[in-house]
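Below are the chains, spelled out letter by letter.
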Amino acid sequence: GAGVSQSPSNKVTEKGKDVELRCDPISGHTALYWYRQSLGQGLEFLIYFQGNSAPDKSGLPSDRFSAERTGGSVSTLTIQRTQQEDSAVYLCASSLIHNEQFFGPGTRLTVL
Amino acid sequence: GDSVTQMEGPVTLSEEAFLTINCTYTATGYPSLFWYVQYPGEGLQLLLKATKADDKGSNKGFEATYRKETTSFHLEKGSVQVSDSAVYFCALSSSNTGNQFYFGTGTSLTVIP
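Protein chains in written order, with the working numbering: chain A, 1 to 112; chain U, 113 to 225.
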C-alpha cells in the first residue's frame with residue numbers, strides 16, 4: 001500500500017519568504033509527527049498530532065513555525081519569514097497508536 | 113522525562129567484524145523500543161523493535177534485546193557487511209507520554225572492505 005508521502009521533495013526559497021510543506025500520512029494512522037534533520041545531525045522533534053487531541057507543539061523552535069492537520073489526515077508545516085538556519089530536511093512520520101512510525105522521504109529545504 | 117542515549121559515533125569497522133551500538137533509555141512505565149536505520153540518501157526505516165521486557169527484535173542479521181534491569185536495547189550484528197553502512201537511531205515510545213517518540217542522536221556506521 002501507499003506509504004507516507006511528502007511534497008515538495010525539494011524547496012529552495014529566499015530568506016524572509018514563507019514556505020509550506022505537506023505530508024500525506026498512511027491512511028488510518030492516527031498519529032502524525034514532524035521532525036527536522038540538519039546535515040549530519042539527528043532527528044529534532046517539532047510537533048506531534050494524535051487523533052483529535054491538542055497537538056504537542058513543544059518542539060517547535062520559534063513562533064515562525066506552525067502546523068495543522070486537517071480532517072485527521074493531511075498535515076501542513078508552515079515556516080514564516082524563513083531564515084538560513086531553517087535549512088534542513090523536514091521529515092514526516094505516521095503511526096497507529098503503540099506502533100512503529102513510518103517515515104516519508106522528507107522535504108529538503110534550502111533557504112538562500 | 114523519557115529519553116534515549118546512544119553511543120556516539122562515528123563507528124568504522126572492517127567487513128565481517130562484530131558490531132555493538134549501545135542504547136540506554138529512561139522512561140516511566142513500559143515503553144516499546146525501536147532501532148531505525150537511515151541508509152545514505154534514503155529516509156528512515158524501521159530495522160527492528162521490541163515491545164516488552166526480554167523480547168528480542170531481529171532483522172537482517174541484527175538483534176537487540178529489551179533489558180529492563182539495565183534499561184538497555186543494544187544493537188548487535190555478528191558479521192557486518194559494507195551494505196550495513198548507515199546511520200542507526202535508537203528510539204522509544206510510551207503510552208505514558210501519549211505515544212510520543214524519543215530518538216537518540218544517531219550513530220554513523222561505516223564498514224570498509
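Please note that the accuracy of each hint is not assured.
To be verified - Some chain U residues near chain A, calculated using beta-carbon distances under 7 Å:
id : residue
1  : F146
2  : P152
3  : L158
4  : K161
5  : S170
6  : N171
7  : G190
8  : N208
9  : F213
10 : F215
11 : L221
Hints in this document: simulated from the structure, not taken from any laboratory.
We treat Cβ as the ideally placed atom computed from N, Cα and C, and that holds for glycine.
Results for each hint:
1. F146: holds (6 Å)
2. P152: violated (12 Å)
3. L158: holds (5 Å)
4. K161: holds (6 Å)
5. S170: The hint is violated - U/S170 has no Cβ within 7 Å of chain A, the shortest such distance being about 15 Å.
6. N171: Violated, about 12 Å.
7. G190: Hint on U/G190: violated, closest Cβ of chain A at ~24 Å, above 7 Å.
8. N208: With a closest approach of 11 Å, the U/N208 hint is violated.
9. F213: It holds, given that the least Cβ distance between U/F213 and chain A is near 6 Å, below 7 Å.
10. F215: holds (5 Å)
11. L221: violated (14 Å)
The structure shown violates the earlier hints numbered 2, 5, 6, 7, 8 and 11.
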